[in-house]
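For reference, the chains in residue letters:
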Amino acid sequence: MKNRTPLAQSYLDRFETAVVSLPGHESRSVQALRKQGLDTFAALDFPHKRVEEWRYTNLSALTKATANEDLPSSDLDAIQTAILDAPFEMVFVDGRFSNEESRLTGLPEGITVASVAAGLGNGAVFSLSSEEDRALFALNTAFMEDGFSLHVDDHVQSEAILKITFRNESGDQNGRHIRNIISLGIGSELTLVEEHTGTGSYFSNPVTSISLSEGATLNHYKLQNESHNAFHLSLTDCENAKSSVYQNFTFSLGGKISRNEIKTTILGENSESHLNGAYLMRGIQHCDTTTLTEHKVSQNISSQVYKGVLDDDAHGVFQGKIHIFPDAQQVVGDQLSKALLLSDRAGVDCKPELEIHADDVKCSHGATSGELDDDALFYLQSRGIPEDRARKLLIEAFLADVLESISNSTVKDYFNAIAAGWLAEA
Amino acid sequence: MLEIKDLRATVGGKEILKGINLTIKPGEVHAVMGPNGAGKSTLSYVLSGRDGYEVTGGSVIYKGKDLLDMSPDVRACEGVFLAFQYPVEIPGVASATFLKTAFNAQRKFRGEEELDAMQFLKLVREKTKELGIKDDMLKRAVNVGFSGGEKKRNEVLQMALFEPDLMLLDETDSGLDIDALKVAAEGVNKLRSPERSALVITHYQRLLDYIVPDFVHVLADGKIVKSGDKSLALELEEKGYAEISAA
Chain A
14 MKNRTPLAQS YLDRFETAVV SLPGHESRSV QALRKQGLDT FAALDFPHKR
64 VEEWRYTNLS ALTKATANED LPSSDLDAIQ TAILDAPFEM VFVDGRFSNE
114 ESRLTGLPEG ITVASVAAGL GNGAVFSLSS EEDRALFALN TAFMEDGFSL
164 HVDDHVQSEA ILKITFRNES GDQNGRHIRN IISLGIGSEL TLVEEHTGTG
214 SYFSNPVTSI SLSEGATLNH YKLQNESHNA FHLSLTDCEN AKSSVYQNFT
264 FSLGGKISRN EIKTTILGEN SESHLNGAYL MRGIQHCDTT TLTEHKVSQN
314 ISSQVYKGVL DDDAHGVFQG KIHIFPDAQQ VVGDQLSKAL LLSDRAGVDC
364 KPELEIHADD VKCSHGATSG ELDDDALFYL QSRGIPEDRA RKLLIEAFLA
414 DVLESISNST VKDYFNAIAA GWLAEA
Chain B
2 MLEIKDLRAT VGGKEILKGI NLTIKPGEVH AVMGPNGAGK STLSYVLSGR
52 DGYEVTGGSV IYKGKDLLDM SPDVRACEGV FLAFQYPVEI PGVASATFLK
102 TAFNAQRKFR GEEELDAMQF LKLVREKTKE LGIKDDMLKR AVNVGFSGGE
152 KKRNEVLQMA LFEPDLMLLD ETDSGLDIDA LKVAAEGVNK LRSPERSALV
202 ITHYQRLLDY IVPDFVHVLA DGKIVKSGDK SLALELEEKG YAEISAA
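From first to last, the protein sequence lines stand for chains A and B. First residue of the first sequence: 14, per our numbering; consecutive thereafter. First residue of the second sequence: 2, per our numbering; consecutive thereafter.
Hints are computed from structural coordinates only; laboratory data are not their basis. Be a bit skeptical, because a hint or two may be false.
As the list claims (entries may be wrong) - In silico lysine-lysine, DSSO-like type, Cα no more than 30 Å apart, as pairs:
hint, chain 1, residue 1, chain 2, residue 2
1, A, Lys48, A, Lys276
2, A, Lys405, B, Lys227
3, B, Lys64, B, Lys240
4, A, Lys375, A, Lys364
5, A, Lys425, B, Lys64
6, A, Lys425, B, Lys140
7, B, Lys227, B, Lys240
8, B, Lys135, A, Lys405
9, B, Lys128, A, Lys405
10, B, Lys123, A, Lys405
11, A, Lys77, A, Lys405
12, A, Lys62, A, Lys334
13, A, Lys405, B, Lys152
14, A, Lys405, B, Lys109
15, B, Lys26, B, Lys183
As the list claims (entries may be wrong) - Not everything, but these chain A residues come out facing chain B in the computed CB check (under 10 Å):
hint, residue
16, Tyr69
17, Leu72
18, Leu280
19, Lys364
20, Lys375
21, His378
22, Ala380
23, Glu384
24, Asp387
25, Leu390
26, Tyr392
27, Ile398
28, Ala413
29, Asp426
30, Leu436
31, Ala437
Predicted model, so just to flag it, every value in this text is computed and none were measured. Ideal Cβ placement from N, Cα and C applies to all residues, glycine included.
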């Protein structure tokens, strides 16, 4: 028998009892899907550092624990200094949909949002699939408890922000396995803000599957402001049909160990996929951004721009891969990762990767890390600006262009306010 | 205003200033001239408090206070202004934001009320108009993509805004054509008053045609080797540094 991590073994041991209280336990098809996920997970275990995609992120602090109380703790806490003004909000507390806290009345016609738990309870498997080689995806399938299922009808375009909040207030043995499904109809458009917050120690493992029909546009913003004692390992998959646009901006401030993994697959011509983000980390936080953009057809554009500020002993990881399939010509792919290190002990690992099998493409990538510019700092001080304020001005300046790339002005202001709140604590 | 006594300083362990003595009274303009490597820029950085310039001896008293004891921002708030030889480019920080932040930091230090965005904009527009600076410069990031002339003009604009008591001009003429030089000099001359002093550091005499000094000092190998009135500058131009320093 294989030598499993304690946490993986504990998941396998508790599956039979846990599954009874998970949604869809009376449905055979849901049960079969869960079992399939469990088997896959059993064969894989949690990713470890010898797995190439996980070289820079060590999960042993999580996987050696079998109970929440055993998770290591930090004395820093998540700070949130601003509130987003969104007309519609769907709230999940401790992994379950809260009807009381949600505000969904008046949602424009043609936009349907529902709790995944309710769907699973009715035996609906949606378009859920299990995953062959991603352990966390498989674990999510086995233990998924809730999430949102969102559909926008053809040609429905909404400017109103739909906010989905995941608030974690108490630890749970099983962790939080959120499963979200988003599908946008032909020519539709939506702005979505996903927010993850919490207190205490817990393991959050959300999986989101997105499918964009021809001509659809999704502006997808995510704020990861989990507790500093939390593990947040998220997977987002997006499939782009012809002429669709996916814009993702992920802003990460929370979590002890966090990973934001996005895979986009471009299946139709004239599509765009823009994955941008910023991360602000301090203490012993670790933040991993891993992206994979697959261009399967010609004439597409993709970009990835991530900027990180790392203080104290914080650590950042950026792994970005652009994969251009044979005959996917006239593709433009640009990638940039920049990290600002505010302490000698902070660090970042970068692995940009281009895999190109077509000859008529334009791709670029760059990764830099550095400290605050001493010359600029002195210049500001020599004009009467105190050192502390001067440092903050320069950090804001470092983040300015990536935050400026946010197309929704309400979200832009919101994220800027949160960044300012973080800086005020520095 | 400023009293420098036997000032010694090292950079990276190497002694650059080897005992400077210089007294500047209110209203006076002093020029320090010298060949490359004499310690001219080091003097300006030591006076403005840059990291890495270590004072190993002597004293600098500014308006009765120990200047060397102040952080760079406090020196600025106390009225010391260094016009940089190479003004620093700061991507991501808009000039308007920078100017307002600095201006208000200085006012706050003096216990004065800070100006709001509208009040400040009005003030800064008056100054840019006087100096012939286009308003769009305020929207651009600090010194980013500025020509040499624009950068120096930006320094003069800041001087006009902050109205310092002691102006340190570090090679303000370097990289300027004659027209830009005149504009820069005019900006400085406008600020000349019986209460305000200046230390003009330069390699060439030509700046001193426009900013006429009361005293000229020759700096060589970390020491002031000769002092005189403005005619000394002309003498230097004629004979060169080697002869004067050796004399």
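We went through each hint and held it up to the structure:
1. A/Lys48 / A/Lys276: Distance of about 25 Å is within 30 Å: holds.
2. A/Lys405 / B/Lys227: Violated, because 45 Å separates the two Cα atoms, which is more than 30 Å.
3. B/Lys64 / B/Lys240: 36 Å, violated
4. A/Lys375 / A/Lys364: 19 Å, holds
5. A/Lys425 / B/Lys64: 47 Å, violated
6. A/Lys425 / B/Lys140: The given pair, whose Cα atoms are some 20 Å apart, holds under the 30 Å limit.
7. B/Lys227 / B/Lys240: 14 Å, holds
8. B/Lys135 / A/Lys405: 28 Å, holds
9. B/Lys128 / A/Lys405: 27 Å, holds
10. B/Lys123 / A/Lys405: 26 Å, holds
11. A/Lys77 / A/Lys405: 38 Å, violated
12. A/Lys62 / A/Lys334: The given pair, whose Cα atoms are some 19 Å apart, holds under the 30 Å limit.
13. A/Lys405 / B/Lys152: Distance of about 23 Å is within 30 Å: holds.
14. A/Lys405 / B/Lys109: 18 Å, holds
15. B/Lys26 / B/Lys183: Holds. B/Lys26 to B/Lys183 sits at ~25 Å (cutoff 30 Å).
16. Tyr69: Not OK, violated: A/Tyr69 not within 10 Å of chain B, min 28 Å.
17. Leu72: 35 Å, violated
18. Leu280: Result: violated, 37 Å to nearest chain B Cβ.
19. Lys364: 26 Å, violated
20. Lys375: Interface hint status for A/Lys375: violated (25 Å vs cutoff 10 Å).
21. His378: For A/His378, the interface hint is violated, since the closest Cβ of chain B sits about 20 Å away, which is over 10 Å.
22. Ala380: 18 Å, violated
23. Glu384: 13 Å, violated
24. Asp387: 7 Å, holds
25. Leu390: 9 Å, holds
26. Tyr392: With a minimum Cβ separation of about 4 Å from chain B (threshold 10 Å), the hint on A/Tyr392 holds.
27. Ile398: 5 Å, holds
28. Ala413: With a minimum Cβ separation of about 4 Å from chain B (threshold 10 Å), the hint on A/Ala413 holds.
29. Asp426: 16 Å, violated
30. Leu436: 14 Å, violated
31. Ala437: 15 Å, violated
Of the hints listed earlier, those the structure fails to meet are numbers 2, 3, 5, 11, 16, 17, 18, 19, 20, 21, 22, 23, 29, 30, 31, in rising order.
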